[in-house]
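Top to bottom, those sequences are chains D and R.
Quick note: the first sequence uses numbering that gives the first Met the number 0, first residue 0, plus one each step.
Quick note: the second sequence uses numbering that gives the first Met the number 0, first residue 0, plus one each step.
Bear in mind the hints are in silico, worked out from the structure with no lab data behind them.
Think of the CB as a built atom: it goes at the ideal place given N, C-alpha and C, for glycine as much as any other residue.
Mixed in with the good hints there might be a few duds.
[Said to hold, decoys possible] Quick list of in silico lysine-lysine cross-link-like pairs, BS3-like style, CA-CA up to 27 Å:
1. K293(D) / K259(R)
2. K293(D) / K176(R)
3. K176(R) / K259(R)
4. K170(R) / K293(D)
5. K146(R) / K12(D)
6. K259(R) / K170(R)
[As the list claims (entries may be wrong)] A few chain R residues that face chain D, going by a derived Cβ cut-off under 7 Å, partial list only:
7. P159
8. G250
9. F283
10. V295
11. A298
Given next are the chains, with one letter for each unit.
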Amino acid sequence: MGAALVLRYLLRKSLGWLLMIVVATNLTYFVANFFLDPRANYLQLRPPRTPEQISRSLAQYNLSRDTPLLDRWWHWVSGIVLHWDWGYSPVGESVNSQISFRIGVSAQLVMGSLILSTLIGISLAVYTAARQYRFADRFAQGVSIVTLNTPVVVASLAVVLLAIAFNQSVGSTVLFVAGAQSPTVSGFWPLLLDRVRHLILPTISLTVISYAGTHLLQRSLLLDNINSDYVRLARAKGLTRQRAIRRHALRTSLIPVAITVAFAIPALFTGAVITETIFAWQGMGQYFVQTISKNDVHGAVAVAAFGALMTAIGAILADIAVVALDPRVRVS
Amino acid sequence: MTTNLPPLQHTVSPVDSTLSQPLSPAEQRVVRRGERLSRRRLYTRRFLRNRGAVAGLVILILLVLFAVAGPLLTSYSYTDVDFTNLTAAPSSQHWFGTNGVGNDTFAQTVHGLQRSLIIGVVVSLLTTLIAAFVGAVAAYLGGTAEKAILGVVHFLLVVPSFLLLGLISQKAGGDWKVLILVLVMIGWTYGARVVYSLCTSLREREYVQAARFMGVGSLRIVLRHLVPNIGSLLIVSFTLGVVTTVQMETGLSFIGFGVKQPDVSLGSLLGDGANTITSAPWLFYFPATMLTLLTVSMALIGDGLRDALDPMSHSAGRA
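Okay, chain D solo, but in the shape it has when bound (with noise of 0.2 Å):
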């Protein structure tokens, strides 16, 4: 018993998630060959190419309608498999080197306020579930039941709007609104800073956003287990009642949130478009925006793929986040 048995299960796992994952980018591939035309980005070009000229630009890209499909796709594949190169863009832009660096400015973002509204709606549901049906409680519950149900959009300009009749009324810009960072900024601490001021209005609408779900399903799941014998026992040993909880209903009713949690973070990460459209932060969300619009094939395929891992990453860390919190889970 124990890690090799582990470690064998989530091998194989892995490889039914990665068998997954190759099909479904491939097929999107064929998907998004169907669906984007790139001949589109050269239309608008002034002088006017021929259609001979644009097929030829493409094809240095491997985009171009004349060669066949299947020769397409073959080409793609072995990039992959051959020298992990995920392609360019119809003007020839790299896949990899804006997607390494896209997903560093997403992480940013996302982790921050993963955390946080983890962190917040389990110690908010632990502080209500303690006082079930008081004041504070149905306070919590109706606020939580609001913002839950806020749409995106809404929360995320409702933040903007706050935040600029913050900075009018301080008298300067101590909040960015866009970007992830300014231009002119060096120097490690006053980069720090500035970071952190572009980064605090986007993790608290995305906070504001996620915390509510953590917050109602911790509180359901601990006031069933609340009353169990086991929390009684631990009373009756001898411990407060804040410790009961904490220790010994908290640590069962944990497991189904962080399964949720984790297979959050998937849609977190793609989930952020908006946040990131609003907020004008080069990620990956904006990055998916963009390749659609701009019938940027293979970034689109690229981004698939990418939300496809998520999802596979998110499974795993959930079982993962299983077998650690519960004791009586044997893999097999």
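Could you slot chain R onto chain D? The hints should help.
Using the frame of chain D, we list chain R on its own:
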């Protein structure tokens, strides 16, 4: 815990109407003394006890009335352009102001609300029906059909649905009917998975076995015995599905992949208003308020229905 006690009631009605076994005359007299409730009245009573749910229902009815009666209140249509009022603040002539092109924001908000409501309701209805049918069929038939359907469902869950949505609706050029089709095609998978898990236990029940041995056809068993038994789940998932769909549609239209000019939805209105949020905030306030009211009221109704329809529920007090 003392706080768990249900509130005091004037009428005592301990009889669950679902237990409709024949009773002796003496028993019936006992039952009559307590009020006997039909199932519908039981659900209605439980629903109405939930203050949030009632508030949600009232808000939703008002929104629907507003969407239906709104066009009658103004002389402008959502495509009309008033060149004398560009980006005008709310006034007696334009109640919600105008945008940069001169469209009346009131007329546009009403139309956008109609669009969002129609898309939300139709998509959620269709996805719930498809999910119920496919999930129940997979669970009932078993064997190869089960494996095939589950394979498709799991695969569609991995495929990045938001990307497919963007690709197809971008190509469709902003037609809301195509948007509905695409949202349905992608939305049914998760529900089908949930229905499937529930039906795997239902299919082993005696009444399903009995129907099968009587020679009732598979389709009929699925439609008459399996699906009605998860009816309450379906009703709740329909209401919450409206919230999800409206959010999805808003997001797509906001980034420009959903409903497009000249048609408007609340999402595309927000997309237009976002750029002028400091200079013309009314372009943001009104659509945003409508949208938030719509999603929050639907969510409150869904929660209320879940408590009212759940036979195990204690949160709505006793029947």
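Outcome of the hint check:
Between the alpha carbons of K293(D) and K259(R) the distance comes to roughly 17 Å, so the proposed pair stays at or under 27 Å and holds. Restraint check for K293(D) and K176(R): satisfied, since their Cα atoms lie roughly 24 Å apart, inside the 27 Å limit. Straight-line distance between C-alpha atoms of K176(R) and K259(R) comes to about 12 Å, which keeps the hinted pair within the 27 Å bound. Pair hint K170(R) plus K293(D) holds up; C-alpha atoms about 12 Å apart against a cutoff of 27 Å.
A hinted pair counts as satisfied when its Cα atoms are at most 27 Å apart, and K146(R) with K12(D) qualifies at roughly 18 Å. Proposed proximity of K259(R) and K170(R) is supported: the alpha carbons are some 12 Å apart, at most 27 Å. A hinted interface residue such as P159(R) counts as satisfied when its beta carbon comes closer than 7 Å to some beta carbon of chain D; here the least separation is about 4 Å, so the hint holds. Of the supplied interface hints, the one on G250(R) holds, with its beta-carbon coming within about 5 Å of a beta-carbon of chain D, less than 7 Å.
Interface hint at F283(R): satisfied, since its Cβ lies 6 Å from the closest Cβ of chain D, which is below the 7 Å cut-off. Interface hint status for V295(R): upheld, as the beta-carbon distance to the closest one in chain D is roughly 5 Å, under 7 Å. For A298(R), the shortest C-beta to C-beta distance to chain D is roughly 4 Å, which falls under 7 Å, so the interface hint holds.
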